[in-house]
Amino acid sequence: MTVTRLYNAHIIDPSQAIDGIGYLDITDSHISAVSLGQPATDATCDKKIDCKQAVLAPGLVDMRVQSADPGAEHLESLATLLAAAAKGGITALACLPNTRPVIDEASAIDSLCLRASRIGGPRLYAYGAATKGLEGAEMAELGLMAEAGAIGFTNGTSAIANSLTMRRLLAYTSMLDRPFIQHCEDPDLTEKGEMNEGETSTRLGLIGMPAEAEVIILDRDLHLLRRTGGRYHVAHLSTRAAIDAVRRAKAEGLAVTADTAPPYFLLNELAVSTYDTAFKLSPPLRSEDDRLAVVEGLADGTIDAIASDHMPVDRDAKTQPFGPAAPGASGVDTLLALTLTLVHQNHITLSRAIELLSLAPSTILDIDGGTLMPGASANFMLFRPDSSWIIKGADFASHSRITPFESHPVQGVVDMTYINGEQIYPVTALD
Amino acid sequence: MTTPTPNAHKGQSPAEAVRLSSRHLLGIEGMSPLEIRALLDRGNHFADHPTDGNSVALHGKTIVNLFYENSTRTRTSFELAAKRLGGSVLNIAVAGSSVKKGETLLDTATTLNAMHPDILVVRHNCSGAARLLSQHVDAAVINAGDGRHEHPTQALLDALTIQRRIGRIEGLTVAICGDIANSRVARSNIHLLSTLGAKIRLVCPPTLLPADIQHMGVEVYTDMESGIADADIVMMLRLQTERMAGTETPSQREYFNLFGLNQDKLNRAAPRALIMHPGPMNRGVEIDSAIADDVEKSLIHIQVEMGVAARMACLEAISLGAL
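Note that the protein sequences, when read in sequence, are chains B and X. First residue of the first sequence: 1002, per the working numbering; consecutive thereafter. First residue of the second sequence: 95, per the working numbering; consecutive thereafter.
Errors might be hidden in some of the hints.
Said to hold, decoys possible - As a list, the in silico SDA-like pairs of lysine to any residue whose alpha-carbon atoms are at most 25 Å apart:
hint: 1; chain 1: B; residue 1: Lys1319; chain 2: X; residue 2: Ala208
hint: 2; chain 1: X; residue 1: Lys359; chain 2: X; residue 2: Thr343
hint: 3; chain 1: B; residue 1: Lys1393; chain 2: X; residue 2: Leu200
hint: 4; chain 1: B; residue 1: Lys1251; chain 2: X; residue 2: Asp306
hint: 5; chain 1: B; residue 1: Lys1319; chain 2: X; residue 2: Leu200
hint: 6; chain 1: B; residue 1: Lys1319; chain 2: X; residue 2: Gln334
hint: 7; chain 1: B; residue 1: Lys1193; chain 2: X; residue 2: Asp306
hint: 8; chain 1: B; residue 1: Lys1193; chain 2: X; residue 2: Ala208
hint: 9; chain 1: B; residue 1: Lys1193; chain 2: X; residue 2: Lys359
hint: 10; chain 1: B; residue 1: Lys1319; chain 2: X; residue 2: Gly340
hint: 11; chain 1: B; residue 1: Lys1133; chain 2: X; residue 2: Leu200
hint: 12; chain 1: B; residue 1: Lys1319; chain 2: X; residue 2: Pro299
hint: 13; chain 1: B; residue 1: Lys1319; chain 2: B; residue 2: Thr1229
As the list claims (entries may be wrong) - Covered by chain B, per the in silico footprint, the following chain X stretches (three or more residues, Cβ under 8 Å):
hint: 14; segment: 213 to 225
hint: 15; segment: 302 to 312
As the list claims (entries may be wrong) - Residues from chain B that keep clear of chain X, each with C-beta distances beyond 12 Å, as calculated:
hint: 16; residue: Gln1017
hint: 17; residue: Thr1320
hint: 18; residue: Gly1324
By construction, these hints were calculated from the structure, which means they are not laboratory data. In this text the structure is predicted, and so the values were computed from the model without any measurement. Don't be surprised by glycine CBs; every beta carbon is placed ideally from N, CA and C.
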């Protein structure tokens, strides 16, 4: 039995409403004590770490990550993804089923999770594809995937277009007690779409995707949810109308949760004005009013979580005219620092930021993490919220280095990440 | 060559060669009225002196026409303009060759770059393609049409045509009719003509109108007769026939009925209006043949002629480099 004590830390744990200078004891792989104030001097520990008042918080749980592995390992391997996550303070991540082959059966879930666990580091979870081959038609073997550990079901980067299929999926997943994660985007309204529809798309001559495409799918799903029951989660919310709809649904008591990603609260469609394909994302960057609605939704609790929406894309796919360029960007390296922007701009507290990044996603997905409660696995990280740096894709630990935040100044540097009591970042121990 | 009409632009004794603030000519948006007027004056000069012996602006220079979309008039117009200025011209129709072999725009650009052309004239079906190319080649780039975005030399030749016929642009009412949503010609003309003080109206069915275009300072009409009433210029756009097959509009027949330009509409709306069309025309679809060929009303053939003059001005300006 080994006891490690981290003292003189600014402990933030929204699950216990702890926010202040204190200490944390780890016994082997679990948290054995957490408290505000200074520890008793006679305590016996095998190892003591002075945190110098850095923030000690539960590790981040990134609930929307695209793994390029299997199928597109040249974009990113599981190893670089997990290393980048560890560097970003992420202790658990949930991967979309959009791989090749598609994760639409139990063995694919097994395989991905097993290979990740062999590499070690952050814990990787997988969503199961809601439909076979992600084609939106035939239901995949959801029950068998749930038994294999699928933490939720989704059609990945596309919405279920057919209302009957959607009704059946909600009904069936309610039996499995797993959330259904929807990318709310009407495929007909956004067909061939290149960016958000509005004056900017008109000036640039790019095909617009109307903001309504998001709320139309969401509203339909909410109507179905009232009938079917089950848990419904909206991924990367980006428009005011959809956020208002989620707010109303929550007030009504529906089992709805939602996340968003940093581009949607930090950027708007004007960023596309130079046809810079780093700003081609899915959903597209929206209007300034939509961006403000996302910030409000994060502050008032309408939006539960922030995910990185990490999407490995290489330079070839981006060095194209805007239309044919691939959507997506890297996200795990910058998730914490970009979210802290909201704290530095006084939109949310540091504790709320940790809730959005850790407690809420682990609660939604019902996975280990999100808390420093004694008895919990020792999954946590230490960071300095005020340390500044400039985002440079070239410096990412992720092999995917395209970011819409290139050259953005941010604050927030992760010093250490722990999983099950083991330091996984930095790789060389500090002592 | 037509003789200049009595209203032809005069006053500016031999216009000087123009230099622009940008090294490339990617679009009209953002160009100053001064730059545009200077290019028009120079274009006017070339229209009067198409074989100006003094003009050796492109002597020893290589101009590559890189066309990813089929084009007859724009490509030949650039070619003729470049040759009149003494340049060597290389035409590359990529539409049928490397694209099919999977070569990307930038692969082609890199290959061409190695041949050290001085000016790259590019047409591509993607908005922003000319700009992307300009970021990756050493040559100066002229946009000969990028997707739905801009077609700056078309707007310049249209303005030159109007200026030579009417003598001014400021204060004119110009109705642009047809497929605005998919038209780079419309966008470049909106920028240019409004920069020079014309009033722009757009006339089209709502399904062919791009979002929030009112913010670009135009008035929108869905009724042809009120849209072209009292207009000095009626500019018809080409409508691709597939857009009339029940998706954007119900049928070719209905489109011509509601938005096609015929003598009847023209008479009732604006008898003295002049007609323009960037070509190629769909006769009997967006424009009645009789009107298109009416030399009193139609400027269509003058547009083609002015295309060479306007492009000479542009090629010369770009060859001189940015200010």
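Comparing the hints with the structure gives:
no. : hint                  : result
1   : B/Lys1319 x X/Ala208  : 22 Å, holds
2   : X/Lys359 x X/Thr343   : 20 Å, holds
3   : B/Lys1393 x X/Leu200  : 24 Å, holds
4   : B/Lys1251 x X/Asp306  : 33 Å, violated
5   : B/Lys1319 x X/Leu200  : 11 Å, holds
6   : B/Lys1319 x X/Gln334  : 30 Å, violated
7   : B/Lys1193 x X/Asp306  : 19 Å, holds
8   : B/Lys1193 x X/Ala208  : 34 Å, violated
9   : B/Lys1193 x X/Lys359  : 35 Å, violated
10  : B/Lys1319 x X/Gly340  : 34 Å, violated
11  : B/Lys1133 x X/Leu200  : 36 Å, violated
12  : B/Lys1319 x X/Pro299  : 35 Å, violated
13  : B/Lys1319 x B/Thr1229 : 41 Å, violated
14  : 213 to 225            : holds (count 6)
15  : 302 to 312            : holds (count 6)
16  : Gln1017               : 49 Å, holds
17  : Thr1320               : 6 Å, violated
18  : Gly1324               : 5 Å, violated
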